[in-house]
Amino acid sequence: MPNTMSSIIRSAKRNKNETLNILTFVSHERFEPNLCKTGHNFYSIITDGTRTWKEQYSPVPNNYTIFRDEIPTFISNKLDLIISHNPFVHIPLAHKLGLNIPVINIFHTMPAPGWDSQNIPDNIRSMFDWCTQHVYISEFNKLTWGYDRGEVILHGIDTDLFRPAVIKGPVDTYPPRQKRVLTVANDYINRDWCLGFSIWNTIAPNLPMYPIGATPGLSEPAPNLDAMIKIYQDSLVFLNTSTASPIPMSLLEAMSCGCACVSAATCMIPDIIEDGVDGFLCPPHKPEMFQERCQYLLDNPNEALAMGCAARRKIQSMFGLDRFVSEWNKLIWSIL
Amino acid sequence: MTTAQIQYYENYGQPEPIVAAFDQLGILPHSLPNAIGMWPNEQECLVWSALQCNPDENWWEVGSFCGGSTILLGFAQESLDGKGNIISVDPAPRPIMDLNIKRAKLNNRVVRCKITSAKALSKNDSPISFLFLDGWHSFSAVLSEFEAAKPHLTDDAVIAFHDVSPKMWNYDKQYAHQCFDYTIKNWNQLINSSEQDFRIDEAVIYLCKEYGYEIINIPVREPLAYHKETNLDRWVRGRTSPHNAFTAIRKIK
Numbered sequence: 005m006p007n008t009m010s011s012i013i014r015s016a017k018r019n020k021n022e023t024l025n026i027l028t029f030v031s032h033e034r035f036e037p038n039l040c041k042t043g044h045n046f047y048s049i050i051t052d053g054t055r056t057w058k059e060q061y062s063p064v065p066n067n068y069t070i071f072r073d074e075i076p077t078f079i080s081n082k083l084d085l086i087i088s089h090n091p092f093v094h095i096p097l098a099h100k101l102g103l104n105i106p107v108i109n110i111f112h113t114m115p116a117p118g119w120d121s122q123n124i125p126d127n128i129r130s131m132f133d134w135c136t137q138h139v140y141i142s143e144f145n146k147l148t149w150g151y152d153r154g155e156v157i158l159h160g161i162d163t164d165l166f167r168p169a170v171i172k173g174p175v176d177t178y179p180p181r182q183k184r185v186l187t188v189a190n191d192y193i194n195r196d197w198c199l200g201f202s203i204w205n206t207i208a209p210n211l212p213m214y215p216i217g218a219t220p221g222l223s224e225p226a227p228n229l230d231a232m233i234k235i236y237q238d239s240l241v242f243l244n245t246s247t248a249s250p251i252p253m254s255l256l257e258a259m260s261c262g263c264a265c266v267s268a269a270t271c272m273i274p275d276i277i278e279d280g281v282d283g284f285l286c287p288p289h290k291p292e293m294f295q296e297r298c299q300y301l302l303d304n305p306n307e308a309l310a311m312g313c314a315a316r317r318k319i320q321s322m323f324g325l326d327r328f329v330s331e332w333n334k335l336i337w338s339i340l
Numbered sequence: 016m017t018t019a020q021i022q023y024y025e026n027y028g029q030p031e032p033i034v035a036a037f038d039q040l041g042i043l044p045h046s047l048p049n050a051i052g053m054w055p056n057e058q059e060c061l062v063w064s065a066l067q068c069n070p071d072e073n074w075w076e077v078g079s080f081c082g083g084s085t086i087l088l089g090f091a092q093e094s095l096d097g098k099g100n101i102i103s104v105d106p107a108p109r110p111i112m113d114l115n116i117k118r119a120k121l122n123n124r125v126v127r128c129k130i131t132s133a134k135a136l137s138k139n140d141s142p143i144s145f146l147f148l149d150g151w152h153s154f155s156a157v158l159s160e161f162e163a164a165k166p167h168l169t170d171d172a173v174i175a176f177h178d179v180s181p182k183m184w185n186y187d188k189q190y191a192h193q194c195f196d197y198t199i200k201n202w203n204q205l206i207n208s209s210e211q212d213f214r215i216d217e218a219v220i221y222l223c224k225e226y227g228y229e230i231i232n233i234p235v236r237e238p239l240a241y242h243k244e245t246n247l248d249r250w251v252r253g254r255t256s257p258h259n260a261f262t263a264i265r266k267i268k
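Protein chains in written order, with the numbering used here: chain A, 5 to 340; chain B, 16 to 268.
For the record, the hints were derived by calculation from the structure and aren't laboratory data. None of these values were measured; they are calculated from a predicted model. Even for Gly, the Cβ is constructed at its ideal location relative to N, Cα and C. Heads up, a few of these hints could be off.
Said to hold, decoys possible - Here chain B is said to cover these stretches of chain A; the calculated rule only asks that three of the stretch's residues, wherever they fall, bring their Cβ under 8 Å from a Cβ of chain B:
| no. | region |
| --- | --- |
| 1 | 115-126 |
| 2 | 144-150 |
| 3 | 273-280 |
To be verified - Beyond 12 Å from chain B on every Cβ pair, some chain A residues (computed):
| no. | residue |
| --- | --- |
| 4 | Ser-31 |
| 5 | His-32 |
| 6 | Glu-33 |
| 7 | Phe-35 |
| 8 | Gly-53 |
| 9 | Lys-82 |
| 10 | Asn-90 |
| 11 | Val-175 |
| 12 | Asn-190 |
| 13 | Gly-217 |
| 14 | Ile-233 |
| 15 | Met-253 |
| 16 | Leu-285 |
| 17 | Pro-305 |
| 18 | Cys-313 |
Let the sequences and hints guide you as you build the complete structure.
Written out as structure tokens, the structure reads:
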């Protein structure tokens, strides 16, 4: 088991800019590989209440090692930092380990309905206060929590990986895309309250829908990441009906792959999509508008492709991976 | 500026394009954490009422919440090329309001007052052509806000209220008499006691009778159909009215 003394020794011996050893917990298969691009060593424990890594969503990065139940002592003695991805599960686990090293908590989501951002219970505030630093994935979700400590680091998207298909030639061209409306969501039906399945369900009979994701009775997830990227590349229109996700990763990936996106105007999305320029925004209470916009793009594929190109440019400028890695490294070193 | 924002300039003086522009900002009706406590039809009523007012004078609202109605008023005033400001008063607005105002590009038009309505209105020295009361709904709160604003209300000012009952919206004359009778009979209790019951209907009728105002007939395209939480016939704190709970009054000419 790790102990406080080993943490103190490690802290004293640490050289500036050396590769760090970071303890974390499996959480987001698409987010964590980007965090791994900071170049540090990541060690993850799978224990009660934590998830396992699903290779289907993304391969485990080379510098990410997963242990079951306990981290070996020879590794725990040289840990520099803990990163939590879930304040209510990972922070208590980190606390239980009893390590005397900094803890960064990432708020990936918005609080559950009923959360009173103006009156955070004392016990929860104390738990948050125990962390060295907090990171929010958008200004929007920072405001919804009502906890003022922490900084915003926007997602990074690997735009070399998530890119449109190109036919190489004297002049590169884009192959035609299938006239279909892609959605990517897991457990879509049961999570209607936050993913807006009822919007999808209302318009589905009238459009060539192509749902992807682990939703029993509706759809299956892509078999692997390459296949998922191919699905993005082949789809003309991407539909995001999510109403309670600060920044849906699938929307960013679809934009990066050049899909023309029709999205619910919620959370941070109005700050990403400029309506009619790099996507279409629709209010969640108007499903007919989602349908009209999707149909318009299916009927006007050239405009859809142009919108998809604009969407990709937006992702490159706003969600670049270099910026993400640089901001994360700056934050990590600032608290050590 | 978004497509919808450009569109509303092409529909000068109409509420629908303004509500459409608002719809793109991600502020959802009755759905926290970024909510507006008004259904879309109520939003149209608010905008329509504001569009009847002089946009070169200041428009006031009491009760900012997340800034949704502030933005609707800001868009309405901009659509009329108004030179006035939106003064939004709330001692404890939701922090997300600042993001919403910034997103709507209304930072130069909206003035946020994080103090009580009584304090804010007592410091005012400019004419008010539109006053939207959506704060605390007791009889005495509404009346004191009106009286603080009264010296500055222009002759054709519109005073709007949210969370009235549907009978008010339809202007049921018999109901109006009942409200007024109740007010007169319970005057001492309503005005002096610490009673915190929501008596906004009675307050509206009282203002009409005492100060010579009348309820404006607001054209609405379609009836409300958002019966998701309650079948109450008037708003109760913590419960969302499924009805159009907006009304507005103006001085009888």
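Status of the hints after comparison with the structure:
no., hint, in the structure
1, 115-126, "holds (count 5)"
2, 144-150, "holds (count 4)"
3, 273-280, "holds (count 6)"
4, Ser-31, "holds, 22 Å"
5, His-32, "holds, 21 Å"
6, Glu-33, "holds, 27 Å"
7, Phe-35, "holds, 22 Å"
8, Gly-53, "holds, 25 Å"
9, Lys-82, "holds, 40 Å"
10, Asn-90, "holds, 18 Å"
11, Val-175, "holds, 31 Å"
12, Asn-190, "holds, 22 Å"
13, Gly-217, "holds, 23 Å"
14, Ile-233, "holds, 28 Å"
15, Met-253, "holds, 18 Å"
16, Leu-285, "violated, 5 Å"
17, Pro-305, "holds, 20 Å"
18, Cys-313, "holds, 18 Å"
Of the numbered hints stated above, the single one contradicted by the structure is hint 16.
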